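Enquirer: Residue numbers (numbering that gives the first Met the number 0): 0 to 138.
If you are wondering where the hints come from, they were derived from the structure by calculation, not from laboratory data. If a hint is listed, it holds; no wrong ones were tucked in.
Quick list of in silico lysine to any residue cross-link-like pairs, SDA-like style, CA-CA up to 25 Å:
| no. | residue 1 | residue 2 |
| --- | --- | --- |
| 1 | K50 | G23 |
| 2 | K50 | P40 |
| 3 | K50 | L76 |
| 4 | K50 | V22 |
| 5 | K80 | M52 |
| 6 | K80 | S54 |
| 7 | K50 | R87 |
| 8 | K50 | E92 |
| 9 | K50 | E64 |
| 10 | K50 | L82 |
| 11 | K80 | G58 |
| 12 | K80 | C51 |
| 13 | K80 | V22 |
| 14 | K50 | M0 |
| 15 | K50 | V5 |
| 16 | K50 | S12 |
| 17 | K80 | R67 |
| 18 | K50 | E60 |
| 19 | K50 | T13 |
| 20 | K50 | Q86 |
| 21 | K50 | R36 |
| 22 | K50 | E85 |
| 23 | K80 | Q70 |
| 24 | K50 | D37 |
| 25 | K50 | L68 |
| 26 | K50 | Q70 |
| 27 | K50 | G72 |
Nothing here was measured: the structure is a model prediction, and the numbers come from that model.
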Amino acid sequence: MTIREVSERYGLSTDTLRYYERVGLIPPVPRSGGGARDYDPASLAWVELIKCMRSAGVGIEALSEYCRLFQQGEETLEARKALLVEQRRQLLERMGDMRRSLERLDEKIEHYEQDLALKERALRGGCGGKRGEASAGSR
Numbered sequence: 000m001t002i003r004e005v006s007e008r009y010g011l012s013t014d015t016l017r018y019y020e021r022v023g024l025i026p027p028v029p030r031s032g033g034g035a036r037d038y039d040p041a042s043l044a045w046v047e048l049i050k051c052m053r054s055a056g057v058g059i060e061a062l063s064e065y066c067r068l069f070q071q072g073e074e075t076l077e078a079r080k081a082l083l084v085e086q087r088r089q090l091l092e093r094m095g096d097m098r099r100s101l102e103r104l105d106e107k108i109e110h111y112e113q114d115l116a117l118k119e120r121a122l123r124g125g126c127g128g129k130r131g132e133a134s135a136g137s138r
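Could you put the whole structure together from the sequences, leaning on the hints where they help?
Expert: Encoded structure:
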């Protein structure tokens, strides 16, 4: 699969894909006879992983370290697991922060909704009597 096809499939720019390869977030992508990148299933799996992890807020440094450890082989299984466990912990912490922020926004929105409801009631009350009744000045 060409870099343009991968770009379109995953919603990443070709520059981003080249960058990910250059800084070691994905292993070197196989090349065609003409030297163009030719993404194979293993390369696509790395792109999917990196996109998912970046979307979760995992940093470039942590992902680069993970890729480096992966390329070193089986003896790095525990280190890779530890890295992923730490990233999961950090993600849960960010999710908690986001939940608290969302709750605060909901409180502020509720405050404004209550203020608007009070102002609407005040406006209705100042229109000269109950709905449907003519005021003394309109007879």
